[in-house]
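Model the full assembly from the supplied sequences, consistent with the hints where possible.
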Amino acid sequence: MFSAYFIHLLILVGIYVILAISLQLAVGFTGLLNLGHIAFYCVGAYTSALLALAGFPFWFAFLSAGIMAMLFGFLLSIPTNKLKGDYLALATLGFSFVIYAVALNWTGLTRGPLGLPGIPRPSLAGFVFSNNFSFLILTFVIGLISYLIIKRIIASPFGKVLEAVRDDELATKVLGKNTFKIKTYALGISAFFAGIAGSLYAHYITFIDPSSFTLLQLIPVLTIVIIGGLASLKGTVIASIILVLLPEPLRFIGFPSSIVGPARQIIYALLLLLILIYKPKGFSGKVKLE
Amino acid sequence: MLRIKNLKKHFGGVKALDGCDFEVGQKTITALIGPNGAGKSTVFNLVSGIMKPESGKIVFDNKDITGLRPVKISNLGISRLFQQTKLFSNLTVKENLLLALDNEDTKFWKNLFGLNKITRKKEGKIKETLKLIGLEKFENILTRDLSYGQKRLIELLRTILNPHKFLMLDEPVAGVTPKLREEIAKVLLKLKQQGETILLIEHDMGFTLGIADEVVVMEKGKVIAQGKPDEIKNNPEVLEAYLGE
Numbered sequence: 112m113f114s115a116y117f118i119h120l121l122i123l124v125g126i127y128v129i130l131a132i133s134l135q136l137a138v139g140f141t142g143l144l145n146l147g148h149i150a151f152y153c154v155g156a157y158t159s160a161l162l163a164l165a166g167f168p169f170w171f172a173f174l175s176a177g178i179m180a181m182l183f184g185f186l187l188s189i190p191t192n193k194l195k196g197d198y199l200a201l202a203t204l205g206f207s208f209v210i211y212a213v214a215l216n217w218t219g220l221t222r223g224p225l226g227l228p229g230i231p232r233p234s235l236a237g238f239v240f241s242n243n244f245s246f247l248i249l250t251f252v253i254g255l256i257s258y259l260i261i262k263r264i265i266a267s268p269f270g271k272v273l274e275a276v277r278d279d280e281l282a283t284k285v286l287g288k289n290t291f292k293i294k295t296y297a298l299g300i301s302a303f304f305a306g307i308a309g310s311l312y313a314h315y316i317t318f319i320d321p322s323s324f325t326l327l328q329l330i331p332v333l334t335i336v337i338i339g340g341l342a343s344l345k346g347t348v349i350a351s352i353i354l355v356l357l358p359e360p361l362r363f364i365g366f367p368s369s370i371v372g373p374a375r376q377i378i379y380a381l382l383l384l385l386i387l388i389y390k391p392k393g394f395s396g397k398v399k400l401e
Numbered sequence: 007m008l009r010i011k012n013l014k015k016h017f018g019g020v021k022a023l024d025g026c027d028f029e030v031g032q033k034t035i036t037a038l039i040g041p042n043g044a045g046k047s048t049v050f051n052l053v054s055g056i057m058k059p060e061s062g063k064i065v066f067d068n069k070d071i072t073g074l075r076p077v078k079i080s081n082l083g084i085s086r087l088f089q090q091t092k093l094f095s096n097l098t099v100k101e102n103l104l105l106a107l108d109n110e111d112t113k114f115w116k117n118l119f120g121l122n123k124i125t126r127k128k129e130g131k132i133k134e135t136l137k138l139i140g141l142e143k144f145e146n147i148l149t150r151d152l153s154y155g156q157k158r159l160i161e162l163l164r165t166i167l168n169p170h171k172f173l174m175l176d177e178p179v180a181g182v183t184p185k186l187r188e189e190i191a192k193v194l195l196k197l198k199q200q201g202e203t204i205l206l207i208e209h210d211m212g213f214t215l216g217i218a219d220e221v222v223v224m225e226k227g228k229v230i231a232q233g234k235p236d237e238i239k240n241n242p243e244v245l246e247a248y249l250g251e
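Protein chains in written order, with this note's numbering: chain U, 112 to 401; chain A, 7 to 251.
Everything labelled a hint here was simulated from the structure, so no lab data went into it.
All values derive from a computational prediction rather than experimental measurement.
Heads up, a few of these hints could be off.
[Stated by the list, open to error] Below, a list of computed lysine-lysine pairs in the DSBU-like style, where the Cα atoms sit at most 30 Å apart:
1) A:K185 <-> U:K397
2) U:K399 <-> A:K185
3) A:K198 <-> A:K128
4) A:K185 <-> A:K171
5) U:K262 <-> A:K92
[As the list claims (entries may be wrong)] Example chain A residues on the side facing chain U (calculated, C-beta under 7 Å, incomplete):
6) N68
7) F94
8) A106
9) N117
For every residue, glycine included, the Cβ atom is placed at its ideal position computed from N, Cα and C.
Below, the structure written as structure tokens:
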């Protein structure tokens, strides 16, 4: 029983790792304070679920989830390209509300608040990831590949250009670098990985509805990014593990679920506050939070 | 090489540039001087595309570049040093300088598949350049940890390393020690000998008149005099407006 519960938690850790390292690419490495990340997660989850329910194979639905989210990332980068800081945060937050409203109201496609039940478990070459242990392995492999790709991007000269945009966009432009293209790529790649995280979530839970993609879901991911430390992939992974597992003991203390839910948010808020005061660079951040 | 024709720019009710005209000849060091608020940095911002003029023309290398974007202007061969330090503070000295060498680093797929390697040639160029100013030990230091003078030097190097035909330097020696000023003057004179064209803004008259071939004096958004340093030193209008004698 305990091991099934633990496997479930590790799957969630894996999904959160992909979601958080992809947000880290935009926020920590490129300096784009994107609060619309959950919208990409939502687009990925719905794309994958709808395609799988229509009979398409998992690998196709999974990749389409990433590509669809990436297209939305490119789309979002066009009107927001000249925005920075708070303004970009507000614009991207607005985008996440729009996507949520579409998921809720386009009932012909998404079934609105009724959600999409019966999303099939992933299957590859005839093997169905029907039990949680096999799903954990799939999540781990996808998480590892995502981590390695993002690490490769940030370690490459292109990654240094992303950091240059974060540190001083005007100076980057004056060096002859097209920052519009660079920021569009950053948002698109970040969205791609959020999309595949959404796909994994949809095929794991086998049911999605718009309530899984609200602002409340963004808070833990953003908290992970900040606590892990801006521009730190390792810190983000460690923070994902800690933040997903930390509130779990509350379940065993015997508090009713009406208390456990809000207590989780309070823990995140408290952690965030403490980190901001005593360790503004998070666990192993390269850049100070301003 | 650069022709500024009747350039006008207002900020609210303030006339930053009010019909500014001057030319910069090839393979020369031209100094743009004038009191604070004369419009010197506005000229730099218009030439480098950071701002757009209300009227007038900027011709560079026989090409009209008025109103082009900074990326395009940089890629046409204009490299600029800012008045305020604009180094990438969370990157190392080497990473800052590597960014200036070319634009291969902006090609995502090439970089993802490892086809844009930092070659020994590039590394050698950075090492060699740093050696020139005695900062080779600082190669792997984050630029935020450097002193102001060192930051200024690294930024100057980055501007020089950026492929260019024309250098625009906004107060390259502001806030640096007299010894460092001499070093920078030597570097700029060496660049001129190598055939570079430089336009600089500087308030240090000793430094400016010591290295400039041509001096353009601005006041209230207009050019009030242009000539050789000796002519400018003795121009009564300039003496009254700027040199305060």
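| message | Would the hint on A:A106 be counted as holding, given a Cβ-Cβ threshold of 7 Å to chain U? | response | Because about 6 Å separates A:A106 from the closest Cβ in chain U, which is inside the 7 Å limit, the hint holds.
| task | Verify the proposed pairing of A:K198 with A:K128, using a straight-line Cα cut of 30 Å. | result | holds (23 Å)
| task | Quickly compare the C-alpha distance for A:K185 and A:K171 to 30 Å and report which way the hint goes. | result | holds (28 Å)
| field | Given hint A:K92 paired with U:K262 - CA-CA distance at most 30 Å | value | Status holds; Cα separation ~26 Å.
| request: Tell me if A:F94 is really an interface residue toward chain U, meaning its C-beta lies closer than 7 Å to one of theirs. | output: holds (4 Å)
| field | Interface restraint verdict for A:N68 against chain U (beta-carbon cut-off 7 Å) | value | violated (20 Å)
| task | Sort out whether A:K185 lies within 30 Å of U:K399, counting only the CA atoms. | result | Given that 30 Å is the threshold and the Cα spacing comes to 34 Å, the pair is violated.
| message | Can you verify the interface hint for A:N117: is its Cβ closer than 7 Å to any Cβ in chain U? | response | Holds, about 4 Å.
| message | A:K185 and U:K397 were given as a pair; does the straight-line alpha-carbon distance stay at or below 30 Å? | response | Violated, at roughly 34 Å.
When the structure is compared with the earlier hints, violations turn up for hints 1, 2, 6 and for no others.
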